[in-house]
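Trainee: If you want the building blocks of each chain, they are given just below.
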Amino acid sequence: MVFPLPPDTESFDPVELPSRGTLWSYTVQRFPPKSPPYCGKEPFEPFALGYVELPGALIVESRLADVSFDALRLGLPMELTTTALRTDADGHVVLTYAFRPAQDAGA
Amino acid sequence: MTDVFIVGIGIHPFGRTDTRTGLQQGEFAVRAALADANLSWSHMQFAYGGSDSAGKADTLVAQLGLTTLPFVNVLNGCATGGAALFGAYSAIRSGDFDLGIAMGFDKHPRGAFDPRPTDWGLPEWYGEAGFMVTTQFFATKLRRYMDLHDITPITLARVAEKAYHNGSLAPHAWRRTPMDVNAILGAQMVNDPLTKFMFCSPAEGGVALIVASGKKARELGGPRIRIKAVSMRTRPQGSFEVFAPYLDLERGDSVSTSASRAAFEMAGIGPKEIDVAQLQDTESGAEIMHMAENGFCGNGEQEQWLAEGRTRLDGTLPINTDGGCLACGEPIGASGLRQVYENVIQLRGTGGARQVARKVQNAYSHVYGAPGVSAVVILQC
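Keeping their order, the protein sequence lines are chains A and B. So in the numbering used here, spot 50 of the first sequence is number 50, and the numbers just go up one at a time. So in the numbering used here, spot 287 of the second sequence is number 1287, and the numbers just go up one at a time.
Treat the hints as calculated values from the structure; they're not laboratory data. Just so you know, these numbers come straight off a predicted model, no measurement behind them. Ideal Cβ placement from N, Cα and C applies to all residues, glycine included.
Interface residues of chain B toward chain A, partial, derived using beta-carbon atoms under 10 Å: (1) Asp1114; (2) Pro1123; (3) Tyr1126; (4) Gly1130; (5) Met1132; (6) Thr1135; (7) Thr1140; (8) Lys1141; (9) Arg1144; (10) Val1190; (11) Leu1194; (12) Ala1244; (13) Pro1245.
Make the full structure from the sequences, and use the hints.
Mentor: Here you go:
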């Protein structure tokens, strides 16, 4: 199993990954990555990213959304969401996949 | 098969030298090594050399002399120096040659390295979303390690403090101003939990080592250091490397552990017999994790080791005695050979203010780099 799905569809079949998992590790990107290739919000805002362990599948790298940096910890239950990466020249918001703390966990 | 010895060493100071190209810094190191061994370029029967981004090593024959020697160019990222020494070692060991040289140099632009997604077989969105940043890998690998093994930020700062102290005593180091733990902890955060002063920077420099057979080394009569082991490995299944959009659930050993085990087996000794070690310290946490990955301590024991100063110059296992990558910077093609240069200094006992307190018989060096390659060298006097 690999992520993301490679363009070679003859050798790989799409598999639906679990949309919930646990936080495997994380960091905060405090400085603007070099652009290109980075294409995020202007002005730059620090963002959290990390790895989310999806049970029975694999561990995926992802943006971490809707969470304060101080609340991040290993094992935190996470769920799939989207987050705004930037607004393009036509005013459209460009989204990317992300994980956020599971809304029904630990409440 | 013959034993292999290092009979000459040369270095061009690391850091920034605006007046010399990378190639010129390599040439400088070669001439210094030849002078150290009291030899000339015409004595060299072969050369292995390389740089990651500062030119082709073999073009140096124009400056050093058109002696028609075979000159093999090496290009293995952070393991370039290790691979050059691996080649030189094997050439002597084969019995076909008895005197040659391994060298490496580099010169990188300021700031972080500048990788592109397509060069790594990754989709464009990976870079657009902000994942094409090497420091994130170091930080996420470290974050998990610290939480699982109870390592705290003060330990990261102690590694950096030691590096800048040792660097202040090493003439070839770049960062030569000591810095205390509070300044290191309080510096600008780059990728949590790592601050600015816990990271090394791309830099410049050159190193050359002259290797000889046992017979030739005795003939030359100067100080000789035996190469007990040279190993080089690429990543095994389940290792965690830079620019990984996913990881397998089943985790494996690191490539450093593979290279380390192979080197110890070849040398016929274990980690407890090592008196001084140079470990890849791209950032403070890398030194911490590499202590365990190379078998010098158990996971989590680093907290106590650093608190007790065991890896300082006067400790039981001094680590990165010239300040490592943190104080010397990282010219990719020269970094691994710098570690071996430093170990030769320590084995000869000529380290001056940075000479370790304990008697040195066995010295260990370890490089690690993208995309999951590691080389280990064990020297003995």
